[in-house]
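Residue numbers (my numbering), protein chains in the order written: chain A, 1 to 338; chain B, 339 to 676; chain C, 677 to 1014; chain D, 1015 to 1352.
Hints were generated in silico from the structure; no laboratory data involved. Bear in mind that the values here come from a model prediction, so they are computed numbers and not experimental data. Hints should not be assumed to be uniformly reliable.
Stated by the list, open to error - Here are the simulated DMTMM-like pairs of lysine to aspartate or glutamate, each with C-alpha atoms no more than 20 angstroms apart in a straight line: (1) B/Lys468 with B/Asp583; (2) A/Lys223 with D/Asp1254; (3) D/Lys1057 with A/Asp273; (4) B/Lys564 with A/Asp240; (5) B/Lys374 with B/Glu394; (6) D/Lys1057 with A/Asp26; (7) B/Lys561 with A/Asp273; (8) B/Lys561 with C/Glu918; (9) D/Lys1144 with D/Asp1265; (10) A/Lys223 with B/Glu580; (11) C/Lys924 with A/Asp245.
Protein chains: 4
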Amino acid sequence: MKIAIIGLGYWGPNLVRNFITTEGVDGVVCWDLQPKKMERIKKRFPSVETVETLEEILTDPEIAGVAVATPVSTHHEIGMKVLGAGKHLLLEKPMAASSREARELVEAASKKGVVLAVDHTFIYTGAVRKIKELLESGKIGEILYFDSVRVNLGLFQHDANVVWDLATHDLSIMHHLIGMRPVGVSAVGVSHFNGHEDMAYLTVHFSDKLLAHFHVNWLSPVKVRKILIGGSRQMVVYDDMEASDKVKVYDKGVSVNGEESVYRALVQYRTGDMFAPHLDQTEALTLLAREFVDCIQNGKPPAVDGMAGLEVVQILEAADLSMKNGGEKILLSTLSEA
Amino acid sequence: MKIAIIGLGYWGPNLVRNFITTEGVDGVVCWDLQPKKMERIKKRFPSVETVETLEEILTDPEIAGVAVATPVSTHHEIGMKVLGAGKHLLLEKPMAASSREARELVEAASKKGVVLAVDHTFIYTGAVRKIKELLESGKIGEILYFDSVRVNLGLFQHDANVVWDLATHDLSIMHHLIGMRPVGVSAVGVSHFNGHEDMAYLTVHFSDKLLAHFHVNWLSPVKVRKILIGGSRQMVVYDDMEASDKVKVYDKGVSVNGEESVYRALVQYRTGDMFAPHLDQTEALTLLAREFVDCIQNGKPPAVDGMAGLEVVQILEAADLSMKNGGEKILLSTLSEA
Amino acid sequence: MKIAIIGLGYWGPNLVRNFITTEGVDGVVCWDLQPKKMERIKKRFPSVETVETLEEILTDPEIAGVAVATPVSTHHEIGMKVLGAGKHLLLEKPMAASSREARELVEAASKKGVVLAVDHTFIYTGAVRKIKELLESGKIGEILYFDSVRVNLGLFQHDANVVWDLATHDLSIMHHLIGMRPVGVSAVGVSHFNGHEDMAYLTVHFSDKLLAHFHVNWLSPVKVRKILIGGSRQMVVYDDMEASDKVKVYDKGVSVNGEESVYRALVQYRTGDMFAPHLDQTEALTLLAREFVDCIQNGKPPAVDGMAGLEVVQILEAADLSMKNGGEKILLSTLSEA
Amino acid sequence: MKIAIIGLGYWGPNLVRNFITTEGVDGVVCWDLQPKKMERIKKRFPSVETVETLEEILTDPEIAGVAVATPVSTHHEIGMKVLGAGKHLLLEKPMAASSREARELVEAASKKGVVLAVDHTFIYTGAVRKIKELLESGKIGEILYFDSVRVNLGLFQHDANVVWDLATHDLSIMHHLIGMRPVGVSAVGVSHFNGHEDMAYLTVHFSDKLLAHFHVNWLSPVKVRKILIGGSRQMVVYDDMEASDKVKVYDKGVSVNGEESVYRALVQYRTGDMFAPHLDQTEALTLLAREFVDCIQNGKPPAVDGMAGLEVVQILEAADLSMKNGGEKILLSTLSEA
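All chains should be modelled from the sequences, with the hints used to inform the complete structure.
Structure, rendered in structure tokens:
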């Protein structure tokens, strides 16, 4: 089986590098609108083939799967052609520019019976896999809140605001870890330079007492990538800026004794050990590439399928709508019907 | 002149300790409903006098000023009596349990022509005074955003939610540093234990492109007290958990060249030096005590007057209302008219 | 039983505060050459008695134990009088100004059959007690090295160099944790201002492959208090500047497989979990005060007895000698015979 | 002009990558004993030429300069041949396996009138260049001490102890920044696994009151790369593990007033601002490659010449000797005469 990579900008070459060495892949074929980028990739990875049109990829019977790493605005058009050609599809995050586009992609993949995977890369990191494992083991208990900060002095994107650029990462992590469907989204943001929002705060509401909150910012003098997860038994801090010990699990919490409210009953604070589990260092994209090939070969569903990609796009879309309406809470149910 | 301290719980003894050594204060008189607390304060500070009724304070002609460090719910009643007796008043933060109460106190003080000061202690720290100085010097430029995080594993308060307990500090700092009137407040919070909210996110909206945002949380495994202030020229990080170098000023920013939008024009990122100014270590409360006495003696206005206290209470009140209404933005103008 | 405290400088009032509330202590008696210091302690702790001469302490039959917190140069003279009067003795660290003085104190206490304890305070902290427990459990394995850094911008002492001032703490921790007798000491130091050494490096040699090393410095712009303990199974980092998680245990190490040298055989690096045990927060001095009283009442030996104090003084003395001789290694056996 | 790179292990490919894009270099020629490594470099950098024998490099008139990145034990033999062929030479650090070898290389280069440069890479980092600039500006004042820690869980080297592996970096930084000749070296180390020393402490003595000290360790659970430089006016902390703000300059110090010793006179502690200068991010090796070509073309001396390389090797050699002799201070003058 061969794998094709479409789009050789920032992320595409990483896909090439990983698929080249993935077991089961007999060849990697590349295409980009800019011939210079194809020359550069051939210099760096002499074994890759390049083609001059998308058509060549769509009609090549040896190409089983196609990874699309082009700008988001083109995901739908290219993706639909790939699916139309009956090929398995891996889309960069965010999956599409709107929930309508994302839904059409999901439906097309379903009709064709091919794999539709979305590259929510962080899901495959040792850190997120370990937190998932801890949550599933029951050690963390019930999730009380999910708080994320991803800020730095950032490159302004030409085609997206800071929410689509940065929050997509954290929303995909939240989606994977929490596993429940949110009910609504509210967001506020500011565009200081008359373009897209360069900073924003998102709140994701669940039916339960659970809140998820996200701070994304291209105007921060310091770089922060930190997620706090409050659990009823233990609490997790995931600090991606730490060189080691990125995930810390605190045996801390609040216990309420007695039947009355927490303010009348005896509130007890537990302050126990802290524990930083060893994390697998395998590159996330290596695991993703392996999984995509495995799904194609064995008909397995990917960890991040089209529905997961769609649900993240819905939140992004709702955040945009909320920002336009001054922070109004947008119910995801109304959005789905649109 | 003598100073009276009413309420000897957690904060009152700190007021006693500072007023005892304040120049111009000839004696400190204490009162608390619990005789045990008065005994304890006399043991620790043998020079203080204690009285058995509030009446004794109100009628003592030697007592010029009264500091009230009782629970918030009693501030209005006690404060009105103190003002009614024509004495200068220092109220613990938050100033009162509602904006209506706060406004009555402001009006009463004005009518009597006495000093009404509010103990927004952080305003008097070396860190906040230095940031104020930097802002006034123009070095920071225009404020683009104000982001605050104050979280830890906290004691649940019996009479207040986490917003009134923790956000008061950061709102008072914001009020002092930004100096503009906000137009609206939105907030979401969760009460995990059927009592008051134990975590909350507040957004304070200004008429301009400016946003202020606050994360307060009693359920965090780690203690964070951090404020980011994005300026058009420089950016400030105030990390109160640092043992030294609490305030860092980054010569970083975004410059837009050309007339078109930031996405078309040449965006330039400046990454310059960082600078951590030396901070005055004088205890904040020492400065506040000195100032209160100075205001009484020389008729000066305090740095945090009744209006400042009222404006912070308005935001707290609006946050409560917003949380009740699912995060709806509350315009402060509507509140003021209520 | 009453306890007497001699010397009310920096540390004495802490001893007073703790002995006052120690069970079994019926009264605390204080003495200092400066009457002002006695007045101040009476103001702060009205229950303490003060006396005007050392004689009054030595002859008071109610006083069972005496804690001496005077300058080191006076420990021997006062301590010998206390022991001569048949009273139990607690000496501040370092125990004495020379090993000869320390040995005489040990012998006098032994002859009189009274308790001789030395206030190596750090031994009683939650952090050091936890590390001791981990070492005794065998989890750390064999100790490979002990590395300590204690540096800051420090107050120059009038009567001691930086080794006697700062390294005493770390040497006492090392003595307690390692439990083996060192064989030699080498040290280099510099006196930049023509007085005592203001920075120094000490190496403590053991008969085994074990090295202990200490960096002490009054001229560091940053404050560091960090101990690394390399074990054959696990490694410990004790960072006293951390607000929480002061002790971290790393499941990291080097395993050598095969019979040949580490360079030929397969060296395997283990990188496992990290673990920060919860530490007891009881004030170290509270535990020490309790222990001293317990030793007096029940004839138990203290955790830090005169021999422990003597052994630390021997290392300090050897370090001074080594610094005078350009870093020459001083064998402790030669010193003991002196 | 062409540049040849000999040795394609860990470091060689970095030299290749940088020389390929250095202005003035028309081609890069590679040689390694292992054909596989040459195949790999050709795949990664298709433009490089490879040769099968050293002879081909020595006799190619187009090759002006040769960079040697082979194991240290071979530096002398290969380097002498390169110099013998009249070619300019860049040697990896440490320059040679003994001071005798290093001196022969210096003399041979001098006789042939060619450039002899040593790759003390850290000298070319933005951090070290900035510290050098601060020292030369006089802002730091006189250097009081130089303290370095470079520890981590390290790979055991087959042909070198931890001093030759790690301390070489810090000694080269010290040599460059201090600029004075040391008078002696003492060192202690331990080999826990019957091979080379895996941890060591070095002290470098200067004629003045200045001490330099180095802790290197392959058995540390945490990675530390930190240099403290105490100056009479300001103090510098260079922490290479920081993502940003690697160099911090503290306006802190000790001032002695009066004529008497620091203990009698008024010692004043200055605690002023801290300042983290912006650092140039250019890759160190890029600057080194440029400089080597510039030296060849324009007959300039390199920043790190053979004498600098020799002086660092002398300290390494003296450290080995000292470790063998139980930490005895080795005078560099005796070594030079050997």
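* Asked: Taken at face value, is the distance from the CA of D/Asp1265 to the CA of D/Lys1144 at most 20 angstroms?
  -> 16 angstroms, holds
* Could you grab the alpha-carbon distance between D/Lys1057 and A/Asp273 and see if it respects the 20 angstroms cut-off? => Roughly 50 angstroms between the alpha carbons, so the hint for D/Lys1057 and A/Asp273 is violated.
* Given the hint that C/Lys924 pairs with A/Asp245, test it: the Cα-Cα distance must not exceed 20 angstroms. => 11 angstroms, holds
* 20 angstroms limit on alpha-carbon distance, applied to hinted pair A/Lys223 and B/Glu580 -> 17 angstroms, holds
* Starting from D/Lys1057, check that the Cα of A/Asp26 is at most 20 angstroms away, please. => Measuring from Cα to Cα gives roughly 19 angstroms; hence the hint holds.
* **Given hint B/Glu394 paired with B/Lys374 - CA-CA distance at most 20 angstroms** => 19 angstroms, holds
* **Hint consistency between B/Lys561 and C/Glu918 [alpha-carbon to alpha-carbon, up to 20 angstroms]** => 12 angstroms, holds
* Does the alpha-carbon distance linking B/Lys468 and B/Asp583 stay inside the 20 angstroms limit? -> 12 angstroms, holds
* Given hint D/Asp1254 paired with A/Lys223 - CA-CA distance at most 20 angstroms -> 17 angstroms, holds
* To do: Would you mind confirming whether the straight-line C-alpha gap from B/Lys564 to A/Asp240 stays at or under 20 angstroms?
  => Within the cut-off at roughly 18 angstroms; holds.
* Pairwise hint evaluation, A/Asp273 against B/Lys561, where the allowed Cα distance is 20 angstroms at most -> Holds. B/Lys561 to A/Asp273 sits at ~16 angstroms (cutoff 20 angstroms).
Comparing the model with each numbered hint stated earlier shows that hint 3 is the single one that does not hold.
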